[in-house]
Amino acid sequence: MLRTMAAGPMEQFEIVPLVPLTMGGVDVSFTNSTLWMWIALGVAIVFFGVATRSRALIPGRLQSVAEVFYEFIADTVRGAIGPEGMKFFPYVFTLFIYILFANILGLFPTIPGLPHTFTTTSHIAVTLSLGLLSISIVIVYGFYKNGFSFLKLFVPSGVPVWLLPLVSLIEIVSFLSRPISLAIRLFANMLAGHIILKVFAGFIISLMGAGGVIGLISIFPFIGIVAITLLEILVAFLQAYVFAILTCIYLNDAVHAGHH
Amino acid sequence: MTDTAGKQDPSPLDEFSSRLEAAQKAVEPNAEDPNATRGRAMGKGFRLGSELLAAMIVGPGLGLLIDRLAGTAPWGMIVGILVGFAAGIRNVASAIKDDRAGGDDGAT
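Protein chains in written order, with this note's numbering: chain A, 1 to 260; chain B, 1 to 108.
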């Protein structure tokens, strides 16, 4: 009915199975979300493949961009963990590039005839998986490197003994909330941004539909949507960076447990 | 400590650096993209909000899990809510501390 004109602002987040598949009773369909994850992956591989192909001493334009990415994340890792943290560089870099490309690709308008543009990072299932992966690495590496003294993380120094059970409990809950706060932040940013874009776009259509003088007012939501799109490009970058640097800060706890 | 050193006798170099700082401050707001400032502020706000929210999900959730396993009906959740809230405040406090320590030199 009305669907053709003003699709709801939430419709863009709908998961549509493209190739239905079940494996052992579990639905593992190839969905639009899967497709856009693959596209993000493909774009990242092609970008870095092309950028590093010439390996010039004096970098070209594309190679400069790739080098800026590398140095940016390398500085972040060294700053947050120290030189011994560079063994986590491949993970942090992959995480950053994947989130950045998924966020940016989600901002592209849909090309008519092709599947709808879909922001994979606007789903909590995706962001929580990334958050849990990060925190699993922290826990596994923390115990591998420090043994049981990793648990000192939950015992802050200088706390009276009678208060220790309560403080440790709070520290444990605080630690467990880390992957969830990582996930909520990324997903909420992407979700909110895309809903705002859609709502403003809806204003333009409604105002144009009213016609006459009222139609002229539609220039204001149009200016608004341009500004918000610019803001969203910044948010896409910022959230990828925040996810990467917080992963570094959490990894720092695992590397330097016991002495801080 | 630091302010007394500045007060005693303003050597030409000190005076120059303070003038330079003032000049830089005067230029910065114009050079900075308002969208970038708003985006960073939004990022900070989202960070603090999600830190608080996450702990307040985990605390009661853990309490409910203990209730379900041990059958201590409402008490696990009640304690969980309180501990979750405390952990949330602790998260926010340490996030602000990180922010202050990290400063605005590298990030901006």
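The set of hints was computed from the structure by calculation and includes no laboratory data. Treat the hints with care, as some may be off.
In silico BS3-like cross-links for lysine-lysine, where the CA-CA straight-line distance does not exceed 25 Å [stated by the list, open to error]:
(1) B:K25 to A:K198
(2) B:K25 to B:K44
(3) A:K152 to B:K44
Every beta carbon over 12 Å from chain B, so not counted as near; a handful from chain A, in silico [what the hints assert, rightly or not]:
(4) F13
(5) M23
(6) L95
(7) P109
(8) I111
(9) G147
(10) P179
(11) F222
(12) Y241
Covered, in the sense of this in silico footprint (three residues per stretch, anywhere, with C-beta under 8 Å from a C-beta of chain B), are these stretches of chain A [as the list claims (entries may be wrong)]:
(13) 81-89
(14) 185-198
(15) 232-240
Treat the numbers as computed from the prediction; the structure is a model and nothing was measured. Cβ atoms here follow ideal geometry from the backbone N, Cα and C, with glycine treated the same way.
Consistency of the hints with the structure:
no.: 1; hint: B:K25 to A:K198; in the structure: violated, 38 Å
no.: 2; hint: B:K25 to B:K44; in the structure: holds, 22 Å
no.: 3; hint: A:K152 to B:K44; in the structure: violated, 29 Å
no.: 4; hint: F13; in the structure: holds, 18 Å
no.: 5; hint: M23; in the structure: holds, 29 Å
no.: 6; hint: L95; in the structure: holds, 17 Å
no.: 7; hint: P109; in the structure: holds, 20 Å
no.: 8; hint: I111; in the structure: holds, 26 Å
no.: 9; hint: G147; in the structure: holds, 25 Å
no.: 10; hint: P179; in the structure: violated, 8 Å
no.: 11; hint: F222; in the structure: holds, 17 Å
no.: 12; hint: Y241; in the structure: violated, 8 Å
no.: 13; hint: 81-89; in the structure: violated (count 0)
no.: 14; hint: 185-198; in the structure: holds (count 3)
no.: 15; hint: 232-240; in the structure: holds (count 4)
The earlier numbered hints that this structure contradicts are 1, 3, 10, 12, 13.
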